[in-house]
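Residue numbers (the numbering used here), protein chains in the order written: chain A, 1 to 179; chain B, 1 to 929.
Note that these hints are calculated values from the structure, not bench results. Backbone N, C-alpha and C define an ideal beta-carbon position, used for all residues, glycine too.
Pair ranges (Cβ atoms, derived):
{"#": "1", "chain 1": "A", "residue 1": "S147", "chain 2": "B", "residue 2": "I5", "range": "28 to 36 Å"}
{"#": "2", "chain 1": "A", "residue 1": "S147", "chain 2": "B", "residue 2": "Q55", "range": "14 to 22 Å"}
{"#": "3", "chain 1": "B", "residue 1": "I5", "chain 2": "A", "residue 2": "T161", "range": "17 to 25 Å"}
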Amino acid sequence: MTTQPPQDSTDASPTDALFSQVYDRLKAMAGKRLAGQARETLDTTALVHELYLRLGSNPRLGFAHPNQFFTYAARAMRHLLADRARDRKRQRAGGDWIQITLTGSDSRLALDSAEQALQLEDALQRLANSDARAAQVVELAWFAGLSQDQISETLGVARSTIARDWRFARAFLKDQLGQ
Amino acid sequence: MSSSIPTIRELFEAAIALDAPARAEFLEQHCPDPERRAQVEALIAADEDAGEPLQTGAIDRMASAMGPTRLRPSLPAGSRVGPFELQEVIGEGGSSTVFHAVREVEGVTQHVALKLMRCSLYSPDAQRAFRREQHALIQLRHPNIARMIEGGVNESGLPYIALELVVGSTITDYVRTHQLGLRRRLHLFSVVCLAVEAAHRALIVHRDLKPSNVLVTEDGEVKLLDFGIAKLLAEDGEGSHTQMPAFTPAYAAPEQQSGGPTTTATDVYALGVLLGEIVTGERVNDGSGRTPSSRISAPSGSARPVALHHVTRKQVRGDLDAIILKALEADPLRRYASAGRLAEDIERLLCSQPVSAQPPSRWYRAHKFMLRHKGGVATTVAFLLAILAALGLALWQARLAREQTVLAEQASSRAKTTLAFIVNVLQTASADLPKDQRPTPEALVREAAKNARDDPELDPLVRAQLFTTLAEIARSNGENRQAELLIDEAIEGLHEQGSSPSSPEWIAALVSKGNLLHDTDRTAEADQLMLGLLPALEGVDTEGAVSALMLYSATRAYAEDTDRAVEFGTRALQKAQRVFGVDSLNAVYTAMYVGLLANKLKHYVEGESILSDVVARWRRLGLPRNEVLARCLFHLAKARHKIGKAAGVETLYREGIALMRSVGDESFYKISMGLRGLADFQIDMEKFAEAKAVLDEAGKISGKVGEDSSEVALTRLLQARWHEERNEWAEAERTYRSAHAALAKNADQGATDAEFSRVKLDWSRALIELGRLDEATTLLAHSKIALGESSGSNDIASPDFHCISGELDMANNRFESAVANLDRGLDLFAKLDVAVPSSEVRCRRSRVNALLALNRAHDARLEAAKAFTRQQEASPQAKGKLAGLLALRARAEQADADPSAAAASIEQARLLAAPVELLSTADRTTLEL
Numbered sequence: 001m002t003t004q005p006p007q008d009s010t011d012a013s014p015t016d017a018l019f020s021q022v023y024d025r026l027k028a029m030a031g032k033r034l035a036g037q038a039r040e041t042l043d044t045t046a047l048v049h050e051l052y053l054r055l056g057s058n059p060r061l062g063f064a065h066p067n068q069f070f071t072y073a074a075r076a077m078r079h080l081l082a083d084r085a086r087d088r089k090r091q092r093a094g095g096d097w098i099q100i101t102l103t104g105s106d107s108r109l110a111l112d113s114a115e116q117a118l119q120l121e122d123a124l125q126r127l128a129n130s131d132a133r134a135a136q137v138v139e140l141a142w143f144a145g146l147s148q149d150q151i152s153e154t155l156g157v158a159r160s161t162i163a164r165d166w167r168f169a170r171a172f173l174k175d176q177l178g179q
Numbered sequence: 001m002s003s004s005i006p007t008i009r010e011l012f013e014a015a016i017a018l019d020a021p022a023r024a025e026f027l028e029q030h031c032p033d034p035e036r037r038a039q040v041e042a043l044i045a046a047d048e049d050a051g052e053p054l055q056t057g058a059i060d061r062m063a064s065a066m067g068p069t070r071l072r073p074s075l076p077a078g079s080r081v082g083p084f085e086l087q088e089v090i091g092e093g094g095s096s097t098v099f100h101a102v103r104e105v106e107g108v109t110q111h112v113a114l115k116l117m118r119c120s121l122y123s124p125d126a127q128r129a130f131r132r133e134q135h136a137l138i139q140l141r142h143p144n145i146a147r148m149i150e151g152g153v154n155e156s157g158l159p160y161i162a163l164e165l166v167v168g169s170t171i172t173d174y175v176r177t178h179q180l181g182l183r184r185r186l187h188l189f190s191v192v193c194l195a196v197e198a199a200h201r202a203l204i205v206h207r208d209l210k211p212s213n214v215l216v217t218e219d220g221e222v223k224l225l226d227f228g229i230a231k232l233l234a235e236d237g238e239g240s241h242t243q244m245p246a247f248t249p250a251y252a253a254p255e256q257q258s259g260g261p262t263t264t265a266t267d268v269y270a271l272g273v274l275l276g277e278i279v280t281g282e283r284v285n286d287g288s289g290r291t292p293s294s295r296i297s298a299p300s301g302s303a304r305p306v307a308l309h310h311v312t313r314k315q316v317r318g319d320l321d322a323i324i325l326k327a328l329e330a331d332p333l334r335r336y337a338s339a340g341r342l343a344e345d346i347e348r349l350l351c352s353q354p355v356s357a358q359p360p361s362r363w364y365r366a367h368k369f370m371l372r373h374k375g376g377v378a379t380t381v382a383f384l385l386a387i388l389a390a391l392g393l394a395l396w397q398a399r400l401a402r403e404q405t406v407l408a409e410q411a412s413s414r415a416k417t418t419l420a421f422i423v424n425v426l427q428t429a430s431a432d433l434p435k436d437q438r439p440t441p442e443a444l445v446r447e448a449a450k451n452a453r454d455d456p457e458l459d460p461l462v463r464a465q466l467f468t469t470l471a472e473i474a475r476s477n478g479e480n481r482q483a484e485l486l487i488d489e490a491i492e493g494l495h496e497q498g499s500s501p502s503s504p505e506w507i508a509a510l511v512s513k514g515n516l517l518h519d520t521d522r523t524a525e526a527d528q529l530m531l532g533l534l535p536a537l538e539g540v541d542t543e544g545a546v547s548a549l550m551l552y553s554a555t556r557a558y559a560e561d562t563d564r565a566v567e568f569g570t571r572a573l574q575k576a577q578r579v580f581g582v583d584s585l586n587a588v589y590t591a592m593y594v595g596l597l598a599n600k601l602k603h604y605v606e607g608e609s610i611l612s613d614v615v616a617r618w619r620r621l622g623l624p625r626n627e628v629l630a631r632c633l634f635h636l637a638k639a640r641h642k643i644g645k646a647a648g649v650e651t652l653y654r655e656g657i658a659l660m661r662s663v664g665d666e667s668f669y670k671i672s673m674g675l676r677g678l679a680d681f682q683i684d685m686e687k688f689a690e691a692k693a694v695l696d697e698a699g700k701i702s703g704k705v706g707e708d709s710s711e712v713a714l715t716r717l718l719q720a721r722w723h724e725e726r727n728e729w730a731e732a733e734r735t736y737r738s739a740h741a742a743l744a745k746n747a748d749q750g751a752t753d754a755e756f757s758r759v760k761l762d763w764s765r766a767l768i769e770l771g772r773l774d775e776a777t778t779l780l781a782h783s784k785i786a787l788g789e790s791s792g793s794n795d796i797a798s799p800d801f802h803c804i805s806g807e808l809d810m811a812n813n814r815f816e817s818a819v820a821n822l823d824r825g826l827d828l829f830a831k832l833d834v835a836v837p838s839s840e841v842r843c844r845r846s847r848v849n850a851l852l853a854l855n856r857a858h859d860a861r862l863e864a865a866k867a868f869t870r871q872q873e874a875s876p877q878a879k880g881k882l883a884g885l886l887a888l889r890a891r892a893e894q895a896d897a898d899p900s901a902a903a904a905s906i907e908q909a910r911l912l913a914a915p916v917e918l919l920s921t922a923d924r925t926t927l928e929l
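All chains, please: the whole structure from these sequences, using the hints.
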């Protein structure tokens with residue numbers, strides 16, 4: 001199998017140089033998008049793919065295979081979501097100097113979403129503890145928008161194995177998220 | 001299912017494969033723990049339930065609802081931003097607030113328009129880009145462009161820009177309220193075009209031209225606002241094709257909206273919209289397809305507020321329509337080549353000369369040319385990749401000059417111009433063409449070069465760099481002739497421009513030429529070229545300089561000047577570490593190159609130290625575990641093996657082999673490289689059974705490359721050595737013969753020269769052992785001819801030749817001659833600056849036998865002691881060899897009439913407990929085994 005992005009929890013600072021590059025870029029891109037147009041929905045998959053177009057083919061970044069980029073980007077996107085959710089919760093606690101100018105309903109929605117994102121992160125972590133590859137399959141599908149064929153290619157694992165991973169992950173997460 | 005406790009997943013998967021009753025029974029049996037059972041049952045229920053764990057788009061909605069982490073601060077009047085004090089708000093934009101602000105400069109109050117951004121710059125890259133860009137903008141001075149005074153970041157981390165405060169009205173308001181006639185409108189517009197052109201010449205693109213950025217003061221003076229600001233604020237270090245919505249959609253060119261590259265043509269488009277609005281009062285690019293003139297109401301009866309009594313439809317119809325439409329072409333290639341060209345057409349119109357708007361441009365013709373050309377899809381993809389690689393270099397180069405902001409801006413604009421140019425060319429190669437109509441890479445390069453050559457407006461430096469880039473592309477396509485023409489043209493162009501020999505573009509061009517010469521077997525010329533460049537590289541810390549030193553090191557290695565090869569490789573490494581940082585990928589790769597070079601030159605001590613560092617860094621930095629790392633591991637293992645650091649060698653080989661295996665089918669044969677290294681090591685360690693298994697596998701893999709490929713030959717060489725070390729001479733002879741045959745078929749490839757003379761020597765030794773002396777004599781004579789051609793200081797074949805000649809002499813009972821030959825061989829071994837203990841020990845062993853035959857027992861005894869010591873230093877693990885050497889020493893001691901020493905030697909040998917089958921008959925007899 002090819003290189004994996006670091007498997008640390010999202011609280012720890014990522015040590016992997018490539019990973020932090022990808023993370024920083026995604027963060028900058030997402031931040032700018034959201035700051036620019038408050039009403040627009042952020043398309044996380046499109047962000048990952050846009051970043052891929054910019055970085056994925058860059059030989060200096062040293063991705064052994066272009067697909068490898070996605071393992072990093074999906075992990076980075078996942079971290080980004082969780083980090084943003086924690087930030088959002090901290091802001092409510094008054095830990096930030098910045099005035100919050102969101103209106104009441106926006107603020108409610110923002111906090112609910114943060115809560116939801118953290119639940120999702122928890123569920124993914126539990127899945128990773130139970131079956132690391134299944135969690136990675138979910139990560140690639142949800143955060144990088146890869147199809148099962150693409151995931152199979154990216155991880156170098158047979159398509160049928162990915163399908164089994166997905167079936168397990170789907171049941172696991174449905175159970176965890178109570179849907 | 002494994003024998004241990006099954007995991008939840010295993011239980012789940014086994015259970016869902018069963019029907020309901022069987023499932024209950026299965027769980028009963030395998031999952032007695034009620035808690036686990038409940039868990040598995042919950043999973044099964046979830047599995048059977050339709051629906052997904054998350055709704056489509058749920059993650060996107062969460063991310064969006066949470067919003068940006070930092071929200072907008074509000075600053076009251078009187079707040080300070082940098083040196084400025086804010087007064088009132090004079091404008092609100094999408095991402096910024098504009099204040100009227102003041103500061104005292106030497107007792108005078110300076111009024112500025114201060115633009116404060118709402119978002120901080122996230123990455124360090126974006127912050128650097130902000131500083132760099134702002135420097136370039138401050139340099140931009142033009143009477144019709146509002147000056148940028150200062151930029152910075154306030155205490156809260158928000159970027160701000162202070163601009164010359166302009167009091168005036170937008171150009172569209174101005175022409176309307178002053179009821180200007182068409183000629184005066186066109187004059188004003190032409191002033192706008194010339195200001196834009198001036199900025200373009202300074203390599204700055206506006207990106208957001210629109211009426212509110214084009215003001216006219218009460219004195220009738222045109223002032224363009226916010227030049228380059230859009231980029232300054234959108235930049236996140238990714239170059240000009242980054243398209244965050246930092247433009248105004250209504251005035252944005254199609255390529256801007258679709259995220260294509262932003263070039264000067266983007267501003268030309270916006271100028272077209274502006275011109276349309278100035279003459280018709282309407283935005284003419286509303287997608288209706290109406291001509292500008294048709295928007296002007298007939299003079300008879302119109303009551304529209306924007307009615308332009310001073311401009312008539314007739315005045316606009318024809319040439320002016322054509323000019324506006326040409327500026328608004330969707331395809332950037334078909335617009336005016338520059339704002340200046342647009343201004344010229346306006347001037348021509350004012351002088352009633354024919355305008356140029358009609359005939360298709362050169363770009364347009366080029367476009368058509370490529371549409372007509374044919375080519376395959378695969379080559380087009382390869383071509384695209386080549387371009388990306390080449391551009392990576394160009395853009396990288398641009399970034400190097402970052403500290404010197406003006407230079408940096410120029411360099412990066414040049415790189416971007418290059419990018420835009422090639423992207424333009426490539427648009428025609430895009431996927432919407434049928435396969436058989438796609439242009440070939442050759443045609444694309446030729447056409448791009450032709451365009452670059454013919455375009456009179458192209459900056460000569462840009463042209464020269466473009467030629468270098470195209471040459472690199474041609475080279476990577478294997479079109480060496482074309483590449484050479486292009487690179488020569490680039491060098492000539494740089495020469496005419498008076499480029500300094502230490503400028504990045506000059507170095508890049510010469511390195512490119514050098515690589516080309518090296519690729520085309522003119523390494524000596526490349527060597528001379530780089531030698532000439534060396535003085536210019538002093539103190540130049542750029543990527544180009546690193547490449548130049550590396551190339552020189554390689555050409556020196558080819559000339560077998562090992563000292564300078566290593567010296568310059570090391571200098572390249574030091575430079576790379578300065579330029580890129582010790583932990584950068586470039587520095588690590590350079591170090592790897594130097595390490596591999598040292599290994600190749602058999603400087604294993606240096607190789608081991610450099611490669612150890614490379615591998616450690618690779619691991620620490622979490623660099624991808626790829627084929628490159630695998631190669632590194634192989635070479636590190638080999639270096640350790642050769643300098644006698646046996647511990648860990650096998651682990652390194654195994655790791656590299658496993659890694660190589662995981663990389664994929666296409667590089668499968670490279671596994672055999674690692675397998676051979678491992679087998680070589682194991683043979684030296686006398687782990688014959690393991691070595692056999694490894695060699696069998698290597699044989700299988702190399703067989704796939706080709707029946708008689710050099711891969712197969714190299715594996716056979718080791719198989720033969722395996723037999724030889726076990727004294728299985730008949731097998732060894734046969735295998736050497738077949739390795740020789742395979743190598744002979746590949747002899748013209750050059751790379752196997754060393755192995756070819758090597759196998760002749762080894763084969764002849766086997767023949768000598770088998771008593772086939774005539775054959776051995778002939779073969780040895782052949783190997784001498786082969787040897788005559790190469791005689792580097794690290795050529796171990798040369799001393800070996802003398803040693804084997806000595807063995808042949810012995811077989812022919814010419815002992816005096818044998819000793820002379822063996823002495824010569826040992827003398828040559830001593831002169832090598834690398835150690836080859838196995839060959840040396842063998843030579844000493846023969847010398848002992850020759851001396852014994854000449855009854856020089858005391859000399860023989862001393863030589864036998866030396867041989868044993870040497871072997872013990874080199875590989876104490878080889879018990880069979882050591883025992884054999886002790887037996888030999890015992891015979892010499894016996895002959896020297898020292899039976900007690902001999903008995904001690906025998907005792908020492910027996911204690912080694914070496915496997916008997918590894919000993920020769922004579923040694924077995926001596927040791928009474």
